[in-house]
Amino acid sequence: MQRPRLKMRLGDLLVDEGIISPPQLQQALARQQETGRKLGSTLTELKFLTEVQLLQFLAQQLNVPFLDIAQKQISPKAVQLLPEVQARRFRALVLEDNGDTVLLGMSDPADLAALDQISRLLAPKEVALAVVRESQLIEAFDTLYRRTKEIESFATQLKAEHGADTNLELNVLDEQADADNTIAKLLQSVFEDAVQVKASDIHIEPDEKVLRIRQRVDGVLQENILNEVSIASALVLRLKLMANLDISEKRMPQDGRFQINVKKHQIDVRISTMPVQYGESVVMRLLDQSAGLLQLEETGMPAPLLSKLRRIIKSPHGMILVTGPTGSGKTTTLYGLLSELNQAGSKIITVEDPVEYRLPRVNQVQVNHKIGLSFSNVLRTTLRQDPDIIMVGEMRDQETAEMGLRGALTGHLVLSTLHTNDAVTSTLRLIDMGAAPYLVASALRAIVAQRLVRRLCDYCKQPYQPDELESSWLRHHKADTSASYWHAKGCQSCNHSGYKGRLGVFELLLITKPLADALRRNDTAGFAHLAHHSEGFVSLGTMALHYAQQGITSLDEVIRVSEYLDTESLVTVEP
Numbered sequence: 001m002q003r004p005r006l007k008m009r010l011g012d013l014l015v016d017e018g019i020i021s022p023p024q025l026q027q028a029l030a031r032q033q034e035t036g037r038k039l040g041s042t043l044t045e046l047k048f049l050t051e052v053q054l055l056q057f058l059a060q061q062l063n064v065p066f067l068d069i070a071q072k073q074i075s076p077k078a079v080q081l082l083p084e085v086q087a088r089r090f091r092a093l094v095l096e097d098n099g100d101t102v103l104l105g106m107s108d109p110a111d112l113a114a115l116d117q118i119s120r121l122l123a124p125k126e127v128a129l130a131v132v133r134e135s136q137l138i139e140a141f142d143t144l145y146r147r148t149k150e151i152e153s154f155a156t157q158l159k160a161e162h163g164a165d166t167n168l169e170l171n172v173l174d175e176q177a178d179a180d181n182t183i184a185k186l187l188q189s190v191f192e193d194a195v196q197v198k199a200s201d202i203h204i205e206p207d208e209k210v211l212r213i214r215q216r217v218d219g220v221l222q223e224n225i226l227n228e229v230s231i232a233s234a235l236v237l238r239l240k241l242m243a244n245l246d247i248s249e250k251r252m253p254q255d256g257r258f259q260i261n262v263k264k265h266q267i268d269v270r271i272s273t274m275p276v277q278y279g280e281s282v283v284m285r286l287l288d289q290s291a292g293l294l295q296l297e298e299t300g301m302p303a304p305l306l307s308k309l310r311r312i313i314k315s316p317h318g319m320i321l322v323t324g325p326t327g328s329g330k331t332t333t334l335y336g337l338l339s340e341l342n343q344a345g346s347k348i349i350t351v352e353d354p355v356e357y358r359l360p361r362v363n364q365v366q367v368n369h370k371i372g373l374s375f376s377n378v379l380r381t382t383l384r385q386d387p388d389i390i391m392v393g394e395m396r397d398q399e400t401a402e403m404g405l406r407g408a409l410t411g412h413l414v415l416s417t418l419h420t421n422d423a424v425t426s427t428l429r430l431i432d433m434g435a436a437p438y439l440v441a442s443a444l445r446a447i448v449a450q451r452l453v454r455r456l457c458d459y460c461k462q463p464y465q466p467d468e469l470e471s472s473w474l475r476h477h478k479a480d481t482s483a484s485y486w487h488a489k490g491c492q493s494c495n496h497s498g499y500k501g502r503l504g505v506f507e508l509l510l511i512t513k514p515l516a517d518a519l520r521r522n523d524t525a526g527f528a529h530l531a532h533h534s535e536g537f538v539s540l541g542t543m544a545l546h547y548a549q550q551g552i553t554s555l556d557e558v559i560r561v562s563e564y565l566d567t568e569s570l571v572t573v574e575p
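Counted from 1, the sequence shown has number 255 at position 255 by UniProt numbering; the numbering is strictly sequential.
There may be inaccurate statements among the hints.
Unchecked claim - Only pairs whose alpha carbons sit at most 16 angstroms apart, straight line, appear in this in silico EDC-like list of lysine to aspartate or glutamate:
(1) K370 / D255
(2) K308 / E340
(3) K347 / D386
(4) K125 / D100
(5) K263 / E84
(6) K72 / E96
(7) K198 / D142
(8) K314 / D388
(9) K38 / E51
(10) K77 / E51
(11) K198 / E139
(12) K185 / E150
(13) K370 / D246
(14) K125 / D97
(15) K264 / E228
(16) K72 / E139
(17) K149 / E192
(18) K209 / E192
(19) K72 / D97
(20) K370 / D353
(21) K513 / E535
(22) K489 / D458
(23) K314 / E340
(24) K38 / E134
Hints are computed from structural coordinates only; laboratory data are not their basis.
Using the sequences provided together with the hints, build the complete structure.
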């Protein structure tokens, strides 16, 4: 392999080409001495040039190609030629295996020491170099170095150790050499794979002939099928032991939780088991405690809406509801509000089922229906604990709703959630649950409704014209058919799904005097009409459509979000 060499030092070359100035170089060198980072990373961190500019310059100087690997089809088999540990250490990835030669992507091809070690690992194959973005490499590591083969290997090993014995439970009870236990390694690999791809849930589902392990990533399940269905009972038993559940009970559903450390992440796992036809199904919700709480700005809430909401939560009393279906991010928004309200001068008590994130200075109570510790019972006691702010996990019944509303009227700020499709129907739902209309009108201050939409992948999205069916939908909802819309074909960066990450879509309804008067009269039709036409109100559908026109999400996602909403709420209003 012909090793690339720079004729001069990188900083001097950049100054010589006029890309950066001598004072900028001196500032970068001073920062580099403080941090110990490479000069290129320091220059991009100081925003003296972009990562792409730097890498294109390096590629030109070294006479090697600069590649956008997000647009490249990479063979998983070729990737495995370089072990993950070395790939992450040297920021390098095998992009192609052409028999006698391999194409190696590196973020710093001028690092000769790293190149020599990689060449020895890949010998006798010759190495051809390409320059790639470090940010793309890190993303590719997580999607290409999956634990799928490792999980399959441990599953096969576990079955081989115990033959066709479906009664593997006894082996799980053996606590000796626990860390080296094959089943412990298998579960650790499952959790590591889930954390690596930022999965929110893990599903373990035994079928007649296979065992399915599925992970929910950006709201969509990804499936891994294992042929070793006989190990399912052992997996479930092991998880029950970790969560301190009753291992002898297989006929009834059980819920629990445990914590596990995965790749320097402290993961809080909420587990639910349920008997199904071929054994027990397990669903685990993963909460990364080490990641910290999302700030409200990070949820995607627009600045004007966020400003209004912050003014409302400064009120000393009243109720604020966060609504939406399961998995719409309500809890994240509630905790974001709590973190802003969490001051030394305020006493906050939460009533939750279960407690999801631990907050300092906040008194958090977990509901336990087995001993009669229900939402309403805890809430009754909470009102005697001199709170300033109360958070109720969910308004589930009439008693809880009425107690929360009365608490809001007696000098407390009450935050809670409700399972409804939009903000307008939330008040009607409270009344349907049995809450008196005058109570709802007097106590309710604001309702935040939300959904999560998938973000289009920045690397492969492109503008397109809606087809006839989509255009008909837009016309039906009085939306602009001439606006530009975007979609994504899928690439390496987004695992060929076209989407990467999710974004919150919100609507905020402030309960004004006219709206409160309509509630007192129990005039549901009048309330809905006033709400949709109230000043500054922007519906979920409208905000999602605005994001679609900006190229943030797709029209498919807008249609999905708006499917169950009132067509009156979707008009061409700029949020």
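Inset, instruction - Would you check the hint for K38 and E134, treating anything up to 16 angstroms between C-alpha atoms as holding? - result: With Cα atoms ~13 angstroms apart, K38 and E134 stay inside 16 angstroms; holds.
Inset, instruction - Measure nothing beyond the straight line between the CA atoms of K314 and D388; if it is 16 angstroms or shorter, mark the hint as holding. - result: 11 angstroms, holds
Legend entry - Restraint check for K263 with E84, where alpha carbons must lie at most 16 angstroms apart: 14 angstroms, holds
Legend entry - Agreement of K347 and D386 with the hint, judged by alpha carbon distance not exceeding 16 angstroms: Given pair K347, D386 holds - Cα atoms ~8 angstroms apart, limit 16 angstroms.
Legend entry - Pairwise hint evaluation, E96 against K72, where the allowed Cα distance is 16 angstroms at most: 10 angstroms, holds
Legend entry - Proposed proximity, E51 with K38 (alpha carbon, max 16 angstroms): 13 angstroms, holds
Inset, instruction - For the pair we were handed, K308 and E340, check the Cα-Cα distance against 16 angstroms. - result: 14 angstroms, holds
Legend entry - Hinted pair K125 and D97, Cα distance within 16 angstroms: The given pair, whose Cα atoms are some 9 angstroms apart, holds under the 16 angstroms limit.
Inset, instruction - Measure nothing beyond the straight line between the CA atoms of K209 and E192; if it is 16 angstroms or shorter, mark the hint as holding. - result: 26 angstroms, violated
Inset, instruction - Given the hint that K77 pairs with E51, test it: the Cα-Cα distance must not exceed 16 angstroms. - result: 28 angstroms, violated
Inset, instruction - Sort out whether D255 lies within 16 angstroms of K370, counting only the CA atoms. - result: 12 angstroms, holds
Inset, instruction - For the pair we were handed, K125 and D100, check the Cα-Cα distance against 16 angstroms. - result: 5 angstroms, holds
Of the numbered hints given earlier, the model fails hints 10, 15, 18; all others are met.
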